[in-house]
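If you're matching them up, the sequences are chains A and B in order. One gets the working numbering by counting positions in the first sequence from 1 and adding 169 to each. One gets the working numbering by counting positions in the second sequence from 1 and adding 169 to each.
By construction, these hints were calculated from the structure, which means they are not laboratory data. Heads up, some of the hints might be wrong.
Given that identical chains are not distinguished, each listed pair holds provided it fits within a single copy or across any two copies.
Once the Cα atoms are required to be at most 27 Å apart in a straight line, the calculated DSS-like pairs of lysine-lysine come out as [as the list claims (entries may be wrong)]:
1) Lys197 <-> Lys171
2) Lys199 <-> Lys310
3) Lys440 <-> Lys310
4) Lys437 <-> Lys199
5) Lys387 <-> Lys199
6) Lys240 <-> Lys317
7) Lys230 <-> Lys208
8) Lys210 <-> Lys230
9) Lys208 <-> Lys171
10) Lys387 <-> Lys230
11) Lys200 <-> Lys210
12) Lys230 <-> Lys263
13) Lys316 <-> Lys197
14) Lys199 <-> Lys210
15) Lys437 <-> Lys263
16) Lys317 <-> Lys197
Values in this document were obtained by computation on a predicted structure and should not be read as measured data.
There are 2 protein chains.
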Amino acid sequence: MKTYLDCIPCMMEQALQTGRIATSDESKIKKLLDAVGDKIKDIPLNNTPPETATFIYQKIKEITGVNDPYKTIKEQNIRQVIELYPYLQELVNKSDDPLLMAIRLAIAGNVIDYGAHRHFHIEDEIEKSIDQDFAVFDYDKFQNDLKKAKAVLYLGDNAGESVFDKLLIETMGKPVTYVVREEPIINDVTMEDAINSGIHEVAEIISSGAYTPAIILKLCTDDFIEKFNEADLVISKGQGNYEGLSEVDRPVFFLLKAKCELIARELKISKGAIVLKAINL
Amino acid sequence: MKTYLDCIPCMMEQALQTGRIATSDESKIKKLLDAVGDKIKDIPLNNTPPETATFIYQKIKEITGVNDPYKTIKEQNIRQVIELYPYLQELVNKSDDPLLMAIRLAIAGNVIDYGAHRHFHIEDEIEKSIDQDFAVFDYDKFQNDLKKAKAVLYLGDNAGESVFDKLLIETMGKPVTYVVREEPIINDVTMEDAINSGIHEVAEIISSGAYTPAIILKLCTDDFIEKFNEADLVISKGQGNYEGLSEVDRPVFFLLKAKCELIARELKISKGAIVLKAINL
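Based on the provided sequences and hints, a complete structural model is requested.
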């Protein structure tokens, strides 16, 4: 997915909000906005949005000296979802279709995002997700492929969301490799966050090797690209990973909630809609 | 009022939205965002927001070649409010306090704004304004000063709003000089718009001489500044004029609705609140 003109003011807003989380020094934040502003003319609109965002988040680190501005927030999000875990497990166990319920909840967790869409209430989102209609629903294909798959490659997205991912991984009952970001960026899941979420108890955790808030293959390590190409089944969580992977040529199942107008337009659905979408199948 | 860091992403968004109204050529709009981005480092934060916005709207004219992007929209807004005029007159005539009702309606008209706050529904706003509590309410002072004033200098704001201003001017029953922008900027009221609204039937219309979407004295003509300083009573409509005039040293009555968080913070009120505020009295 390419960068839209609308992404530019949004990224300026992200720079401001994240700058404020990283520092209370307004002059540093102004310097950050200056740097982002200066960069706009160099943004190729055929880059994916997460490639463009990477520059901003690197600048935040560089100018504020804070490597992981969302560290505390990510820890809080993970703790909050871990507290809800018994309730989430009960929802899955009591469901007529535990796999589908676990998918629904894993999508609910996708709202814990401090990038494009910053306002959410996780309990409300869980309630909503239980019976929200899917705008794209390739569930038959998913069940079919899951049944045949010996192992699953699961591309994580946000840190708090990874606790929901753990529940889906447990529910699928297949060996899973869980992919995290190489370095902290926005509130995306890193190795440390995934371990805090308990993912290591149910999956092997690896890094994509990329510094982007999404899987963008050309920026990943050869080792990861090999795993991606050879995986029986790939589950890609969230908007950023969709933006990065929507044009790859292997089958991928995307689980996400459309959190901005642009991705909604790209997927021909409404903002707020939920998606289980297969490509190349 | 100074420019806040929050104004920067907002202005980028305004550039995008107005660029889209002016042209459908995405490459021109990108060029506009590039130019605005480049300018950020030169924005002095102690400038008022409308001074900063002026650069953006000048760039829009320069890059798109469109002198008045909101021309059609302003005409539609004026026509819409003129159609409502008999109803508005009735509200005033039937009120226990016609002057206060005319003030309330003149503030309702302040939402017709394509700058900071672009989403509004004018009929809803009228209904709301009829009994909304004022967050600042210097009405006694206003009545008192109006009684003594031989003439009123009335600083217009947006084009559609000027039809509401006409009703307040009629209700006050004093000789009024109505001040418009020198050139089209955002959807602010120009000489042509004020005449379309029928202001010439109830007041003398003059220009401030400034190219800003607000009265900023240092950018106005000497002739206007003299009129401003010598006026018996000054009524200033809207957020932009408040941003430009909040620190002048003569009495001014501000009528506005707080349409963004920053002006709300500045006035120590909530976003959406309505204000009749006197300064230097």
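- Query: What label fits lysine 197 with lysine 171 when the C-alpha limit is 27 Å: within, between, both, or neither?
  - Reply: between (30 Å within a copy, 18 Å between copies)
- Is the C-alpha distance from lysine 199 to lysine 310 at most 27 Å within one copy, between copies, in both cases, or in neither? Neither way: lysine 199 and lysine 310 sit 49 Å apart in one copy and 40 Å across, limit 27 Å.
- Message: One pair to classify: lysine 230 and lysine 208, alpha carbons no more than 27 Å apart. Within, between, both, or neither?
- Response: both (16 Å within a copy, 23 Å between copies)
- Message: At most 27 Å between alpha carbons: which applies to lysine 317 and lysine 197, within, between, both or neither?
- Response: neither (53 Å within a copy, 51 Å between copies)
- Task: Using 27 Å as the alpha carbon limit, work out where lysine 199 and lysine 210 are close: within a copy, between copies, both or neither.
- Result: The answer is both: 18 Å in one copy and 8 Å across copies each meet 27 Å.
- Message: When Cα atoms must be at most 27 Å apart, do lysine 240 and lysine 317 count as within-copy, between-copy, both, or neither?
- Response: neither (38 Å within a copy, 62 Å between copies)
- Query: How would you label the pair lysine 437, lysine 263 (within, between, both, or neither) given a Cα cut-off of 27 Å?
  - Reply: neither (33 Å within a copy, 50 Å between copies)
- For lysine 200 vs lysine 210, is the C-alpha pair at or below 27 Å within one copy, between two copies, both, or neither? So lysine 200 and lysine 210 pass the 27 Å test inside a copy (17 Å) and across (8 Å) alike.
- Is it within, between, both, or neither for lysine 437 and lysine 199, if the alpha carbons may be no more than 27 Å apart? This pair counts as between: shortest inter-copy Cα distance 24 Å, intra-copy 37 Å.
- Message: Cα distance capped at 27 Å. Does lysine 316 pair with lysine 197 within a copy, between copies, both, or neither?
- Response: For lysine 316 and lysine 197, the Cα distance exceeds 27 Å both inside one copy (52 Å) and across copies (51 Å).
- Item | Within, between, both or neither: lysine 208, lysine 171 at alpha-carbon 27 Å | both (17 Å within a copy, 25 Å between copies)
- Query: From the Cα coordinates, with 27 Å as the cut-off, is the pair lysine 230 and lysine 263 best called within, between, both, or neither?
  - Reply: neither (45 Å within a copy, 61 Å between copies)
Checked against the numbered hints given earlier, the structure breaks hints 2, 6, 12, 13, 15, 16 and satisfies all the rest.
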